[in-house]
Amino acid sequence: MPVGPFGIDPLIWAPLRLIIAVGLALFLVLNGALLQIYLERKIQAIIQDRLGPYHVGPFGLLQTFADALKLISKEDVRAAATDGWFFVAAPALVFCPMLASWVVLPFAQDIVGTNLNIGLLYLTTLGSMTVLGIVIAGWASNNKYALMGGLRSAGQLISYEIPQILALVSVVLVVGSLSMIDITRSQAGPLVNVLILPFPFLIYFIAALAETNRTPFDLPEAESELVAGWLTEYSGMRWGTMLALSEYGNVTVVCAIVTTLWFGGWQGPGVDAIPLLGVLWFTLKVYAFILIMMWIRATLPRLRIDQLMSFCWKGLIPAALVNILVVATLALAFPTTKIPIAIASWVLVVLFVAGIPFVQRRRLRVLRARARASAAPAVRAVS
Amino acid sequence: MTFDFVEPVVFALLAIGVIAGGAAVVLLSRITAAALLMAFTFLSMAGMFVLLGAETLAAFQVLIYVGAITVLILYGVMFTKFSDRPRALFFQRQTPLAVVFVVAVAIPVALFSFSFTSAPPRPGGGDLSALATSVFTDFAFPFEIASVLLLAAMVGAIVLTGRDDPEEAARRRRR
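First to last, the sequence lines map onto chains F and X.
383 is the number that the numbering used here gives the last residue of the first sequence; the numbers go up by one with no jumps.
175 is the number that the numbering used here gives the last residue of the second sequence; the numbers go up by one with no jumps.
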């Protein structure tokens with residue numbers, strides 16, 4: 001009799017692993033959003049020297065559950081001027097691709113919805129579909145703030161998709177596979193990909209912050225400028241689905257991609273002995289990146305739209321192209337060893353980080369000269 | 001118990017999706033609805049690719065057509081000034097001519113395709129490395145020609161939409 005993983009009959013294991021994967025996905029999407037909102041509020045409170053939620057439950061742990069109950073019990077309000085079907089369809093269009101992308105996230109050795117051989121391509125594809133829902137939401141709301149938010153979002157997401165995908169491609173070049181499982185397997189032991197390819201990781205993480213509408217790139221829903229951007233007209237559970245579930249779900253997906261591609265996915269001490277331990281390692285790593293994203297949110301101010309675009313098109317995309325050129329050349333020149341790629345990638349990181357203050361200083365100098373020349377009291381926006 | 005009946009059913013649903021979606025894109029007068037239905041048509045076609053075993057092509061179909069092109073079309077629609085005629089028929093004003101063309105093209109194509117006797121496509125086209133190798137070796141020249149065409153289109157779009165704004169020119173001179 002053939003024995004599958006964990007000594008279970010494969011005939012039982014095949015449906016069982018699906019159930020576990022779907023259960024984990026739903027658990028992480030629904031409860032993960034609640035937990036992440038709580039963490040977000042608590043962490044920002046700590047950084048800003050406040051208390052944060054502390055009334056409901058111990059340490060305010062039940063606060064977001066209470067908020068969710070409030071959202072569910074709210075009346076379904078819709079402005080008369082909104083565009084019927086589109087307005088209703090938009091939250092679904094944002095939510096469905098996010099939920100579908102959980103199919104290929106490898107939680108542990110054999111705990112994955114399906115091992116697609118184009119897993120990474122599938123994830124980027126679904127990530128690019130979110131934009132459609134956001135644009136439709138902005139359009140259907142028939143509200144100028146929502147429309148502006150939707151347009152900003154379309155421009156931002158389409159632009160930042162390019163460096164994001166280019167950064168992923170360099171990892172695929174080194175690993176030689178698009179399957180999330182194979183990518184994880186290739187990083188057994190302490191030598192994870194981030195030590196070999198830190199530069200694409202940097203590019204991906206910055207672009208991912210923009211793709212998930214996180215500060216400092218949260219222009220589509222800039223509260224101080226656009227009320228709530230494309231979410232302005234939504235309330236109740238539609239708002240909850242769009243903002244809480246989809247946004248935090250996307251954050252989790254992006255962090256899971258980072259974990260899988262650069263930090264060894266489920267691999268960690270003791271995984272070979274107890275495969276289920278992989279779920280713990282995977283979740284811990286994913287939440288570590290979510291915490292970093294929240295830390296960034298509490299630290300950095302929001303960019304202006306022209307700064308956002310010029311940073312992407314003049315900074316990130318050239319950097320990503322240089323990175324892919326270097327990685328591809330070195331992978332072709334040294335097919336057996338990864339050391340030259342690692343050295344080149346670290347050099348690029350140093351150049352990128354050291355180059356930012358230099359470019360910034362030059363920009364400031366140009367700005368000041370221009371302000372003096374025009375003798376205008378207000379400093380015009382530099383492109 | 002076999003599941004052989006699933007594939008034709010899925011194919012029929014997808015085919016209905018493609019044809020109905022495409023017809024609605026042309027016939028609807030609401031341009032945003034047409035754009036959204038175009039995305040739906042592209043998604044159905046991606047489903048057809050999956051059915052044929054070409055998952056890679058399906059993924060690229062969704063990535064490029066749904067994720068980028070439809071969004072760019074919506075972007076263009078929202079930036080176009082059409083508040084005075086939000087439901088005007090922009091493109092479909094040549095119905096008789098269109099009917100003649102469709103009949104002239106569709107009937108020979110249909111006759112030709114029904115007399116097709118090649119073997120049905122084999123599944124297993126999801127191999128990305130084989131696809132990439134053929135694109136960058138055997139079909140490198142068409143690939144490059146296509147990118148030059150896109151570049152020319154982009155330059156043309158920039159030239160066509162570049163305005164001679166006197167205020168902007170004055171500001172640039174001040175700099």
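Hint data in this document are derived by calculation from the structure and do not stem from the laboratory.
Computed from a predicted model, the values in this text were never measured in an experiment.
Where is the CB? At the ideal position from N, CA and C, for every residue including glycine.
Heads up, some of the hints might be wrong.
Claimed, not checked - Stretches of chain F that chain X covers, calculated by requiring three or more beta carbons in the stretch to come under 8 Å of a beta carbon on chain X: (1) 35-46; (2) 130-137; (3) 245-256.
As the list claims (entries may be wrong) - Some residues of chain X that are not near chain F, with every Cβ distance over 10 Å (derived): (4) L13; (5) I16; (6) A59; (7) V62; (8) A68; (9) L74.
Checklist entry - Was X:V62 rightly flagged as not at the interface, with every chain F Cβ beyond 10 Å? => result violated (5 Å)
Checklist entry - Are there three or more residues in the region 245-256 of chain F whose C-beta lies within less than 8 Å of some C-beta in chain X? => result violated (count 0)
Next on the checklist: Taking 8 Å as the Cβ threshold, is the statement that the region 130-137 of chain F is covered by chain X upheld or broken by the three-residue rule?
Outcome noted: holds (count 4)
Checklist entry - Holds or violated: is the Cβ of X:L74 farther than 10 Å from all Cβ atoms of chain F? => result violated (5 Å)
Item to check | Given as non-interface: X:A68, partner chain F, CB spacing beyond 10 Å | outcome: violated (6 Å)
Item to check | Whether X:I16 stays farther than 10 Å from all C-beta atoms of chain F, as the label says | outcome: holds (19 Å)
Item to check | Beyond 10 Å from every chain F Cβ - status for X:A59 | outcome: Its Cβ does come within 10 Å of chain F, the nearest being 4 Å, so this is violated.
Checklist entry - the region 35-46 of chain F covered by chain X? Criterion: 3 or more residues, Cβ-Cβ distance below 8 Å. => result violated (count 0)
Item to check | Status of the stated non-contact between X:L13 and chain F (beta carbon gap over 10 Å) | outcome: holds (17 Å)
This entry does not satisfy hints 1, 3, 6, 7, 8, 9, going by the numbered hints stated previously.
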